[in-house]
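**Q** Fit chain B to the given chain A structure using the hints.
Spelled out from the first residue to the last, the chains are:
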Amino acid sequence: MERSEGMTEIDPAALPDDAESTSENLAREEELQALMSAIESLPERCRQVVTLRKIYGLSQKEVAAQLCISEHTVEAQAAIGLRKCIDFFRRHGYGRHFRA
Amino acid sequence: MNSTPEPSDEIQRAASEWIVRLDRGLTGTEQDDYSQWLARDPRHREAISYMRWGWEELDRLAGLEASQLSEPDPDLFAPKRAGRARGKIVWLAPLAIALAAAAAVAVGLYIKHAPSAARQSVLAVKTAEPDTTAYERRLLDDGSVAELNRGTAISVEFTPAERHVKLVHGEANFTVAKNPARPFVVEASGVSVQAVGTVFNVRAENGPIEVLVSEGTVKVGSSSGGTAAESYYIKAGQRARVSVVSGGIHVEIANVTPDKVDEGLAWRTRTLDFDDAPLSEIVASFNAHNTTKLVIGDPALKTIRLSVTFRSDNVEGFLRLMDSDFDMRAERRGDHEIVLLKK
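Heads up: the sequence lines are chains A and B, in that order. Just so you know, we're using this note's numbering here: the first sequence kicks off at 557 and counts up by one. Just so you know, we're using this note's numbering here: the second sequence kicks off at 50 and counts up by one.
Just chain A, same shape as in the assembly (with noise of 0.2 Å):
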């Protein structure tokens, strides 16, 4: 989506009325679920990095200390596990149109 280069302040009452709203809500979900379907997808280790460094935002190094693992195992289950989401993202038709 793009940004509109003329948009100004926005009136709260001028946003989406609840019916609106609640059907983003659906899609939202959807989509959330989708997200937490890939995380469960991946391999033990993998999942365990990707949840604590993204659901729980913990660095690298606090990732490690948590899984008595290294910090350079760390780094590399995070980018397999991104990759595997992506792969799932793809197998699943969960597409880069649903976000800005």
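Derived by calculation from the structure, the hints in this document are not laboratory data. Every residue gets a Cβ at the ideal spot worked out from N, C-alpha and C, and that includes glycine. Be aware that a few hints might be false.
[To be verified] Stretch-level coverage of chain A by chain B, calculated; a stretch enters the list once three of its residues show a Cβ under 8 Å from a Cβ in chain B:
#	segment
1	588–597
2	616–623
3	633–645
[Said to hold, decoys possible] Just the calculated beta-carbon pair ranges, DEER-fashion:
#	chain 1	residue 1	chain 2	residue 2	range
4	A	E586	B	P56	27 to 37 Å
5	B	R89	A	A621	33 to 43 Å
6	B	H299	A	D643	30 to 40 Å
7	B	T78	A	E586	38 to 48 Å
8	A	Q589	B	K342	37 to 47 Å
9	A	G651	B	T340	44 to 54 Å
[Claimed, not checked] With a cut-off of at most 25 Å between alpha-carbon atoms, the simulated SDA-like pairs for lysine to any residue come out as follows:
#	chain 1	residue 1	chain 2	residue 2
10	A	K617	B	R109
11	A	K617	B	D81
12	A	K640	B	E301
13	B	K215	B	E301
**A** Frame of chain A, contents of chain B only:
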């Protein structure tokens, strides 16, 4: 035809590794390697862009259920986990994000943006009334707070998808209501800085913009870039110098000590703190914050060393302190210049 086209699997692998490294912050050598890798094949940039999208997409789950558990649970998404009904999590997801938004977790975002030398003359005309806008605290629609120093101009462009603030000129401190689903982006000097639950500091004097991160991660990119524009992740404890170059941005990342981070964030409270610093340094810092400029009138004063703490906008207080404790007197010269002399 290229002699040996690189297999696409190999590109995907390298791109995923770069994304993860970018997220933790690149070393100087890696920075060079990365630039070279990007330049080697147009498909590399494309792969980075796709991988970055995927990596960021996973951030949409950030905070999910986390607030309900005291310890991070690596097996939150274990497939055969007993006792967790999948249907349940679907309903929890939007709720968790909504709660995170409502809690308005205080996220400080400090931006200082002085116009570049090239634009200064033009802007100086437009902002010729230096003291008209005093310090202002503005509540934004999403619950975030923008604190503006005098003479600061921002434009707020909130859409349902993104909270976009343009720092036109001046200096602003943002307390951002946390909402991973609706990024908070500040644009200054052609550079965009995105906060997703982070505390960081951005400063733009003449030359590169400086981004200092004290908590979490920020994403820095060119604000004019399209989807393929490269961006960099700056992590806690890192400082990045960002400049706009043709075709993108140039970023230098360095690790900084906690002391340096604190020093950088002292700007946030606009308190200047000096420990045994030469007066010339103190005056330079002071002048960087004010339209009224101090000049050291007596060369003998330049090298004297002081330990002082004062608010950057408190000109009169600073002068009183110099007068009472350091045997100096102040002489006004014109509207915006004050000369410091020995008594």
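**Q** With respect to the beta-carbon atoms only, verify the hint that B/R89 and A/A621 lie 33 to 43 Å apart.
**A** Hint holds: Cβ distance 36 Å, inside 33 to 43 Å.
**Q** Check whether three or more residues of the segment 616–623 of chain A sit with their beta carbon closer than 8 Å to a beta carbon of chain B.
**A** It holds: at least three residues are needed, and the segment 616–623 of chain A offers 3 whose Cβ sits within less than 8 Å of chain B.
**Q** Establish whether the coverage given for the segment 588–597 of chain A by chain B is satisfied; the threshold is a Cβ-Cβ distance below 8 Å, and no fewer than three residues must meet it.
**A** With 8 residues close enough to chain B, the hint holds.
**Q** Given the hint of 37 to 47 Å, is the C-beta distance from A/Q589 to B/K342 inside that range or not?
**A** violated, 59 Å
**Q** Kindly confirm whether 38 to 48 Å is satisfied by the beta carbon distance between B/T78 and A/E586.
**A** holds, 43 Å
**Q** Do B/H299 and A/D643 keep their Cβ atoms within the hinted range of 30 to 40 Å?
**A** Cβ of B/H299 to Cβ of A/D643: about 33 Å, so the range 30 to 40 Å holds.
**Q** Quick one, are A/K617 and B/R109 close enough, alpha carbons at most 25 Å?
**A** holds, 22 Å
**Q** Within the assertion that chain B covers the segment 633–645 of chain A, do at least three residues meet a Cβ-to-Cβ distance smaller than 8 Å?
**A** Since 8 is at least three, the answer is holds.
**Q** Would you mind confirming whether the straight-line C-alpha gap from A/K640 to B/E301 stays at or under 25 Å?
**A** violated, 30 Å
**Q** For a C-alpha distance cap of 25 Å, please report whether A/K617 and B/D81 respect it.
**A** Holds. A/K617 to B/D81 sits at ~24 Å (cutoff 25 Å).
**Q** Under the criterion that the straight-line Cα-Cα distance not exceed 25 Å, is the pair B/K215, B/E301 satisfied?
**A** It holds: about 23 Å lies between the C-alpha atoms, which stays within 25 Å.
**Q** Between the beta carbons of A/E586 and B/P56, is the distance compatible with 27 to 37 Å?
**A** Holds: the Cβ-Cβ distance is about 34 Å, inside 27 to 37 Å.
In the structure shown, a violation is registered for the earlier hints numbered 8, 12, in ascending order.
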